Each structure stands twice: as C-alpha cells, then as structure tokens.
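K.L.:
Taken in sequence, the protein lines are chains A and B.
Per our numbering, the very first residue in the first sequence carries number 1; after that it's consecutive.
Per our numbering, the very first residue in the second sequence carries number 1001; after that it's consecutive.
Hint data in this document are derived by calculation from the structure and do not stem from the laboratory.
These numbers were taken from a predicted model, which means no experiment stands behind them.
Glycine residues also receive a C-beta, built at the ideal position from the N, C-alpha and C atoms.
Some hints here could point you the wrong way.
Stated by the list, open to error - Facing chain B, a subset of chain A residues (Cβ under 10 Å, in silico):
(1) Leu66
(2) Pro81
(3) Phe84
(4) Ser100
(5) Pro104
(6) Leu116
(7) Ala140
(8) Pro144
(9) Ile145
(10) Ala147
(11) Thr148
(12) Thr155
(13) Ala161
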Amino acid sequence: MTTIRLETSAEDHHIAKMAAVALGLTVLENAIPTPLPGVKPGLANIVTLIVLAHYGWRAAAWVSLLRVVAGSLLFGNFLAPGFFLSLSGALCSLAVLALSMHLPHRFFGAVTHSILAAFAHIAGQMAVVYLWLIPHAGIAYLIPIFATAALVFGTVNGLIAARFMDNGDNPDPEPQS
Amino acid sequence: MPFLSHVKPGDYLTLLGGIAFTVWISFTVWSGGVADTALIRSGGKVFKEVPLSRDQQIEVPGPLGTSIITIEKRRARISSDPSPRQYCVRQGWIQQAGEIAICLPNEVSVELTGGAKKYDSLNY
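Model the full assembly from the supplied sequences, consistent with the hints where possible.
P.N.:
See the structure below:
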C-alpha cells in the first residue's frame, strides 16, 4: 500500500490554520439572525486582515478564498447563488486590499483596509445581484442599507483586527515563511 | 481605550470618507427626484396624464367599477377603489418620481413621473 504525501510548507500549514479560524467565525456568524439577507458582520474578514498585515496579500487571498469555498461546502451552497455572492465579494475585497495595502502604513492601518474592503465587498455583491440575479434597478434602494452595514461592520472588524495585530507603529514584521 | 490606540490618523480620514459616501449615496438613491406629472393607466393603456400642480379628483373606470384618484399639494393617491383588498388605497400618498400605486383588480394605476425618470418600475 502506498501513501500519497503532499509536500507542505510551514506557510501552507499557517494558511490552513488561519482559514480554519476564519471558517469557525463564518459558522459562528451564521447563527446570528440578520434583518436583511446579506447584512452580515463578516467576522472572518478580521482573520483576512490580520493575515494580510503579517503575511502579505498572497496568504490573505488564500485564506479568504479557502474560507469562501470551504464555507460553501459546509453550508451546502457550493456553486449556488450565495456562493457566487461570497466569491464576488471576496474577490473585490482582495482587489481593493491589494491596492490599499500600499497606502503609507504610518497613517493607514487595519481600520482603513477593513472599511475599504467592506465597501468593495458590497460593491462586488451588488454587481453580481444586479447583473445576474435581480436585473432590476430597484435594488439600488438597498444600497444605502448595505453601505451603512459595510461602514459599521468594516469599522468594527478593523478595530478588532488592529487590536489583535498589536504592533504599535511597526505593522511590518518579517514575513514568516 | 485599548481599541483606539491602534487607530491611525488616516483611519479617521477613511472613516469620515466612508460616512460621507454613505450619506451621499443614501441621498442620491433615496430621493427619487421631483415629480411633476401623474400618469394614470387603466387596463394597461394610458388613461390620462395630469400635472401635479393642479389639485383635482379624477374618476377612472375599470372592470370592477370606478377608482377615484386625488391630486393634492403635488401628491397623488388613490382615494377610492372597488378592489377587495384596498392595497392601493392603503398605500396612501405618493409624491416622488418613480413611485406608483397599482390597483390590480381594477386595472388602474397611477405613476408619478418627473423630469429625470430614473427607472421604469413596471418593465421588469
């Protein structure tokens, strides 16, 4: 009998661990009732933000996308509309994070990243909703609600992430890989 | 405050920008624009187009009977309708462009239109 061994690096293990934490938070927040489908705290993004600050964008993208795919498997909506909403939100967030991470670290921290990513997230989701699911301009009426949610949850998540990073004025520790 | 010690100056800037954006988009999206005309339909066809500037009552015939549409102070409402559930009457006053009150059973609707009609709520 042969065993197949995957060569895994320390970084792989770390990404897997972080994705697992993100998944846990996703499951947790699914237990919270929401007033409107789509308005969620997005607690898993705290993990993405921390990974982004400590291990760079690539690792953050891995954690974020693993969380989306594995989360959809857990909830049984893989390749269902909800999955594509999560995916488009995550992809837009990651794109914006790729840009915003180059803002001067002296002035912009996790809260900035979090708010920008939250707005990108709803923008991506609304785009998919409009282009694919509900091609009706009436959904524009929901934008202010989602924007407010993004603002509030983006700020809160950013504060939590900043609190966990806890490196004062030195947000760039050596990448651990 | 343990939380605030991790917030950087630019973060406040982003937060302010986010608030400004949210307020701006709320006003843009939720203020439907000024309506100046009421478009009254009966049986799918335009029955009458009346300006909101003049207060009046319009009787619109439908398959169940007569609906009465009231226009007052640049607002419009269906004040009486023979439909069994009275949804359109209970909807009350409508006053922004794009808003519409529909009595399906009596096939009567009143839609407000303005200079810039933002979207057509009936075409999807």
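K.L.:
None of the hints should be skipped; say for each whether it holds.
P.N.:
Outcome of the hint check:
1. For Leu66 of chain A, the interface hint is violated, the least distance from its beta-carbon to any beta-carbon of chain B being 27 Å, above 10 Å.
2. The interface hint given for Pro81 of chain A is broken, as the beta carbon of that residue sits about 18 Å from the closest beta carbon of chain B, more than 10 Å.
3. Here the hint on Phe84 of chain A is broken, as its CB sits about 21 Å from the closest CB of chain B, past 10 Å.
4. A distance limit of 10 Å between C-beta atoms decides the matter here; for Ser100 of chain A the minimum to chain B is near 9 Å, and the interface restraint holds.
5. Taking 10 Å as the C-beta cut-off, the interface hint given for Pro104 of chain A holds, the closest approach to chain B being about 8 Å.
6. Satisfaction of the interface hint for Leu116 of chain A is found here, the shortest Cβ-Cβ separation to chain B being roughly 7 Å, below the 10 Å cut-off.
7. For the restraint placing Ala140 of chain A at the interface with chain B, the shortest Cβ-Cβ distance is roughly 5 Å, inside the 10 Å limit, so the hint holds.
8. With a cut of 10 Å, the hint placing Pro144 of chain A at the interface with chain B holds, because the nearest CB-to-CB distance is about 4 Å.
9. At a threshold of 10 Å, the smallest CB-CB gap from Ile145 of chain A to chain B is about 9 Å, leaving the interface hint in force.
10. A distance limit of 10 Å between C-beta atoms decides the matter here; for Ala147 of chain A the minimum to chain B is near 4 Å, and the interface restraint holds.
11. For Thr148 of chain A, the shortest C-beta to C-beta distance to chain B is roughly 6 Å, which falls under 10 Å, so the interface hint holds.
12. Interface hint at Thr155 of chain A: satisfied, since its Cβ lies 6 Å from the closest Cβ of chain B, which is below the 10 Å cut-off.
13. A distance limit of 10 Å between C-beta atoms decides the matter here; for Ala161 of chain A the minimum to chain B is near 9 Å, and the interface restraint holds.
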